[in-house]
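There are 4 protein chains.
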Amino acid sequence: MGNNLLKGKKGIIFGALDEKSIAWRTALKAYDEGAQLVLTNAPVALRMGEINKLAETCGNAPVIPADVTSMDDLKNLFTKAMEHFGGKVDFVLHSIGMSLNVRKGKHYTEMDYLWNQKTLDISAMSLHRVLRTAWDMDAISDWGSVVALTYIAAQRVFPDYNEMADAKALLESVTRSFGYHYGVRNKVRINTISQSPTKTTAGSGVKGFDGFISYAEKMSPLGNASADDCANYCITLFSDLTKFVTMQNLFHDGGFSFTGVTQAVIEQMEK
Amino acid sequence: MGNNLLKGKKGIIFGALDEKSIAWRTALKAYDEGAQLVLTNAPVALRMGEINKLAETCGNAPVIPADVTSMDDLKNLFTKAMEHFGGKVDFVLHSIGMSLNVRKGKHYTEMDYLWNQKTLDISAMSLHRVLRTAWDMDAISDWGSVVALTYIAAQRVFPDYNEMADAKALLESVTRSFGYHYGVRNKVRINTISQSPTKTTAGSGVKGFDGFISYAEKMSPLGNASADDCANYCITLFSDLTKFVTMQNLFHDGGFSFTGVTQAVIEQMEK
Amino acid sequence: MGNNLLKGKKGIIFGALDEKSIAWRTALKAYDEGAQLVLTNAPVALRMGEINKLAETCGNAPVIPADVTSMDDLKNLFTKAMEHFGGKVDFVLHSIGMSLNVRKGKHYTEMDYLWNQKTLDISAMSLHRVLRTAWDMDAISDWGSVVALTYIAAQRVFPDYNEMADAKALLESVTRSFGYHYGVRNKVRINTISQSPTKTTAGSGVKGFDGFISYAEKMSPLGNASADDCANYCITLFSDLTKFVTMQNLFHDGGFSFTGVTQAVIEQMEK
Amino acid sequence: MGNNLLKGKKGIIFGALDEKSIAWRTALKAYDEGAQLVLTNAPVALRMGEINKLAETCGNAPVIPADVTSMDDLKNLFTKAMEHFGGKVDFVLHSIGMSLNVRKGKHYTEMDYLWNQKTLDISAMSLHRVLRTAWDMDAISDWGSVVALTYIAAQRVFPDYNEMADAKALLESVTRSFGYHYGVRNKVRINTISQSPTKTTAGSGVKGFDGFISYAEKMSPLGNASADDCANYCITLFSDLTKFVTMQNLFHDGGFSFTGVTQAVIEQMEK
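Protein chains in written order, with the numbering used here: chain A, 1 to 271; chain B, 272 to 542; chain C, 543 to 813; chain D, 814 to 1084.
Think of the hints as simulated: they come from the structure by calculation, not from any bench.
Treat the hints with caution; some may be incorrect.
[Said to hold, decoys possible] To be clear about the criterion: a stretch of chain B counts as covered by chain D if any three or more of its residues have a C-beta under 8 Å from a C-beta of chain D, and this derived list gives those stretches:
no., segment
1, 369 to 380
2, 461 to 469
3, 530 to 538
[To be verified] Calculated lysine to any residue pairs in the SDA-like style (CA-CA distance at most 25 Å, straight line):
no., chain 1, residue 1, chain 2, residue 2
4, D, 1056, C, 614
5, B, 542, D, 1000
6, D, 1000, C, 755
7, A, 199, B, 343
8, C, 648, B, 313
9, C, 760, A, 55
10, C, 785, B, 347
11, C, 648, B, 343
12, C, 648, B, 542
Don't be surprised by glycine CBs; every beta carbon is placed ideally from N, CA and C.
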């Protein structure tokens, strides 16, 4: 059904928790477009076993556990992936985010700083760790592509998003900083996609999320982008058609980010 | 050779002056990806006749002259295009820009205001005219895609770019403004691509352009993007893989826009 | 009552229509801070005579009519201002904006292009004309300061703001472009202030304005900024305390521009 | 000599290392403008004793040591400051930054992650700790003002700036996030100033810093802003003239941030 856009390409997908997740949909699309895949997630997330269904659908892709805060795990992941692929990796999807303070219900003004440190490590510096592991092993092909998922809370405040806003801002900065170095050395390009709020299992944890999804829907001229649409967009960024796009934060949100207000919101406000 | 990414889609390409131009390369790629095309340019530009070669290569695409400051010409263009296609248009490339003050060697601080009015009309408000013509005729399919080419001078000053900086800022604003309305009514998406300086016939007219191209090359981690690469990027934006990207200015510049300085530039500065 | 922040400085204030207008409030504050002033507005606006009250309050400041689309008027204005001051001008406030299409009730997608040309000329290119007149006459002191008022619709769409969004985007680009040249030659700095929606006589003309003001109020952590607060901010930009701030768009909006959503808006959406 | 702009206001200044530092210059100006001050720095920095000279010049301002990663120290600081002032604090300057990886000569791609954690904690999350301490104690007056110093590397890559780019991006996000909450509760405003590279003792540690300062000078229409000019700008932000400016990153850089290239740089590139 695909267009062979990723024919011959090999990629690692982080974060395919269950079939609602963006990483899951992206793995399906990438496989459909001709890519070979390696799937990975945190050992604790893999225990649920869901990912094996995805692996089967994607030509029995290997599932390699990796805690993204462990350099050993990441080295093992890239080593095994390269063995499996018989060569370098062409693309990577980083769909990783977790906020301990959100999970424990701590308000932004009352955060636990140790938890915050872990949030930043897991959600943002993990991208640096992944890239640095690949960099040290020279594991990404020239003109390879790395995409990380982010959210517009990195630019504007959405109060319930809490410390994840700061984590995403840090993630986007790592994208630029490492994007520079990896671009100069290997023409590897690194970008973030700033996606509409999406009804994934991960998203559901956030307080007031449903109300917020409906606000975003009303505030987006095209409506909210779905996980499948986000997967499609990832495919373009992994393909050779976007070789000079790098160090950017790309909004994929139906126009939300450049809309100040819509008629629909104004009408609701007047009620 | 293509991937049928635009199979069944119909598009209008503005501004294919000669084989170096981005519009020309985009027409070739779009045809290669399965699209049907209508080509157009200003009557005076068509007189050179170059475009007929392109039309032949693209399955004898009709060439319909249109002065983008004339609503009659634009109406005629869309009418004939829809007749030719037997239906609505799926994508449009707006690659139009002309600065009378640059051409006549007038410094920004000495501009002729009548020429400036024409520059803004041709280079920026022409996008409004194109969209408004399509809007009135309901000529663009739901989820259709419009792309206009712009330059980073709309965000930061490049002194020799002169009044074209202002024209591009206006163009990008029209993109957002009309993008809102066309998004709400027909899910049509409208974006600009902010392209590396490119050695086209149009570009060559700008003073100090060669020196500037080499500066941009040194300042871009991936180097400058070529016209062919820009064409590739346009294809992704015309395809169904980017349906929720709208009202944006998308940099396609090898990382130039998010690079403050490179080692290569610092070394040159120290000479 | 002031702090002599502008002691010895001489400024021209455009656009003081009546006592609600930002320019009017700024003139009062600037006088209070020790500045000498020249007031100006379009001849048709001056006919109302209101401005004479302001002139009296500001030490009998001369009122010199000027149509900002007329280079002769602007030359006359700067000539007379310099005669009155016995020297160069230190600061200029550009508070000028008028949309013919808004006034005539034309939707953005149905604009009259001749009216649009006038809107752009009056609301945006007028800044170029003012600066270029001063530039030619070398009428602004080194390290002088020029401020123009703008609105966030230049960055994000507010549908009812119509063509003024494009005009403001153009205005902000002129600010950067001329800011570069005037900065290099005379260290003159040029900025825009992006102000909260403000209940001025000019603002009242915009459709749905009251509803919008209350939305902006709810969406701003500090609430909307008043005309008096904007005047205060202008004073800082005219003073010597901000000598290295230039070519920027500065938000003065109680946090609106960097807020994605507030609790108050979410609650209203849930009703 | 001042204008009594801060008459009656009380402020805490972090980071006045020696007389070259921006915090030092800001303390002098603030005192000159009528403010009462409390000075603070890390215990290790205070050992040098320089700060006592500043304290004397500023009306024998108390010097209270505080490690910004210690909540106890910060609580002690605010407690003693409020005792000294006999009331709440009106403004705070956060001029704190330290990169362990830069100091130890670790390239960005080879960073030590524990050092990075400390860099982020000291340089960015310290702002959260300061604000949260004040928040818990309700120690900042309504309409109080907090300013933190940052650098444009948070937006664009300057390779030698290394992990501090990421730290500054995080700092700017904390500014927005906490700015929202403190704005809603107490109308407290929080902003960052993105300052030109400045020849301070702190800055001198960065590799290639002198070359970079001269590049920035050439790239800024007004030239680089000095520490004294930055101090002036801080004064405006602490004053009541900027009450509706919040959650922003304000460039104070002579136009560097909105300049793509200057004639001076182009000429150097052509050598």
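How the hints compare with the structure:
Only residues whose C-beta sits within less than 8 Å of a C-beta in chain D count toward coverage, and the segment 369 to 380 of chain B has 0 of them, not enough to reach three; the restraint is violated. For the segment 461 to 469 of chain B, the stated coverage by chain D is not satisfied: 0 residues place a CB nearer than 8 Å to a CB of that chain, which falls below the threshold of 3. Coverage of the segment 530 to 538 of chain B by chain D holds [criterion: at least 3 residues with CB-CB distance below 8 Å; count 7]. The hinted pair formed by residue 1056 of chain D and residue 614 of chain C fails the criterion: a straight-line CA distance of about 39 Å is larger than 25 Å.
Using a Cα cut-off of 25 Å, the hinted pair residue 542 of chain B and residue 1000 of chain D is violated, with the two alpha carbons roughly 51 Å apart. Restraint check: the Cα-Cα separation between residue 1000 of chain D and residue 755 of chain C comes to about 19 Å, which is no more than 25 Å; the hinted pair holds. Proposed proximity of residue 199 of chain A and residue 343 of chain B is contradicted: the alpha carbons are some 47 Å apart, above 25 Å. Distance restraint check for residue 648 of chain C and residue 313 of chain B: the Cα-Cα separation of roughly 29 Å exceeds the 25 Å cut-off, and the hinted pair is therefore not satisfied.
About 48 Å separates the Cα atoms of residue 760 of chain C and residue 55 of chain A, which puts this hinted pair outside 25 Å; it is violated. About 54 Å separates the Cα atoms of residue 785 of chain C and residue 347 of chain B, which puts this hinted pair outside 25 Å; it is violated. A distance of roughly 20 Å separates the Cα atoms of residue 648 of chain C and residue 343 of chain B; the hinted pair therefore holds under the 25 Å criterion. The suggested pairing of residue 648 of chain C with residue 542 of chain B is violated, with an alpha-carbon distance near 58 Å, which exceeds 25 Å.
Checked against the numbered hints listed earlier, the structure breaks hints 1, 2, 4, 5, 7, 8, 9, 10, 12; every other hint is satisfied.
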